[in-house]
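Colleague: Make a model of the complete structure from these sequences and hints.
Sequence lines, in order, name chains A and B.
Just add 1179 to the spot in the first sequence (first one is 1) and you have this note's numbering.
Just add 723 to the spot in the second sequence (first one is 1) and you have this note's numbering.
Simulated from the structure, these hints should not be mistaken for lab results.
Each residue gets a CB set at the ideal place from its N, CA and C atoms; glycine is no exception.
None of the hints are false.
Examples of chain B residues toward chain A, derived with CB under 7 Å:
id, residue
1, Met724
2, Thr725
3, Gln726
4, Ala727
5, Gly728
6, Tyr730
7, Val732
8, Thr733
9, Leu734
10, Tyr736
11, Val745
12, Lys749
13, Gly752
14, Arg753
15, Val755
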Amino acid sequence: MDTAQMPALIRMNRTLTRRAVLGTTAALALPGRGFAQTPTIKIGVLNDQSGPYRDDGGPTGVVCAKQALQDFGISGKGWNVEIISADHQNKPDVGVSIARQWLDRDGVDAIVDVPTSSVGLAVNTICREKNKVYLNSGTGSSDLTGPQCSPNTVHWTYDTYMLGRSTGGATVKAGGDSWFFITADYVFGQTLQRDTAAVVTKLGGKVLGSVAYPFPETSDFSTHLIRAQASGAKVLGLPMAGADTENCIKQAHEFGLNNSMTIAALLIQVRGVRSLGLDTAQGLRWSESYYWDLNDRTRAWNDRVKAKTPTESGPT
Amino acid sequence: MTQAGDYAVTLHYLKTVADMGVAAAKADGRAVVDR
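Modeller: Pasting the structure below:
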């Protein structure tokens, strides 16, 4: 109800009986009775707000979606946009339950981000089933545009094919022709290893071994790093993401692996590199589709969003 | 890149909704992606 009408209503109520007032209020509460509702598009940002992928998506991802709305400029267009968010905790069952509630009960029209491929692929199925829109930024698995391709999904930012081909291809061409993978054991890590290994072998390189670790509950990579070192491979490939990648690289340095192997961080973002520090990140190879210091437009956008981010470290 | 992607994909979605109309966008997610 328009708040400008409130004083008139209150004055009117004073002259009416309680029963009549209740009747009036009930009538006003019915949708569409005498008031044209402004059409509203509802967007839900669904990502990791508390775990290992928080810093690469999380609250700053929500800030970025809201910045898009601000830059779009909804005022005077005759419709509204509402942006809500939730934490899927990297668990497919949690993500599915939130997505279903948003689409079935809360009137959400589009779901944004959804990192963690196991959750992203599940949300992909639900959006297709309900004929809604999935605007994917955080999920990397190339299965999203392969076996599980959906007409209701836009795969926007990166995928495991692009990361594998870019970092894997460049590393082999630079002489890194034997690899060992330490892999997050779920669909994202598996597809990133698969897509990278395909490029490595196609270019004449070899995969000497791999080990899969349980996601998301792993923080100690030492036994896997010892196996990697013992393999004699030139390249340590890391099909993993977020805090896992940072932990693994830090521990690789503690073991001195960076002296004998090239580390290919198959998914890291510049925020992660800052967090590692220049000494530890020295010699890393990785690929990104966005870099804040690329040109005037990226620098201006970074400045606009930076002040609004929870840590003020800027968007990644 | 994930967060920058959240910005860009949301902005493009809003432009698409503006182009096709809110009612049509709400009614058919597939049509939004097709646009």
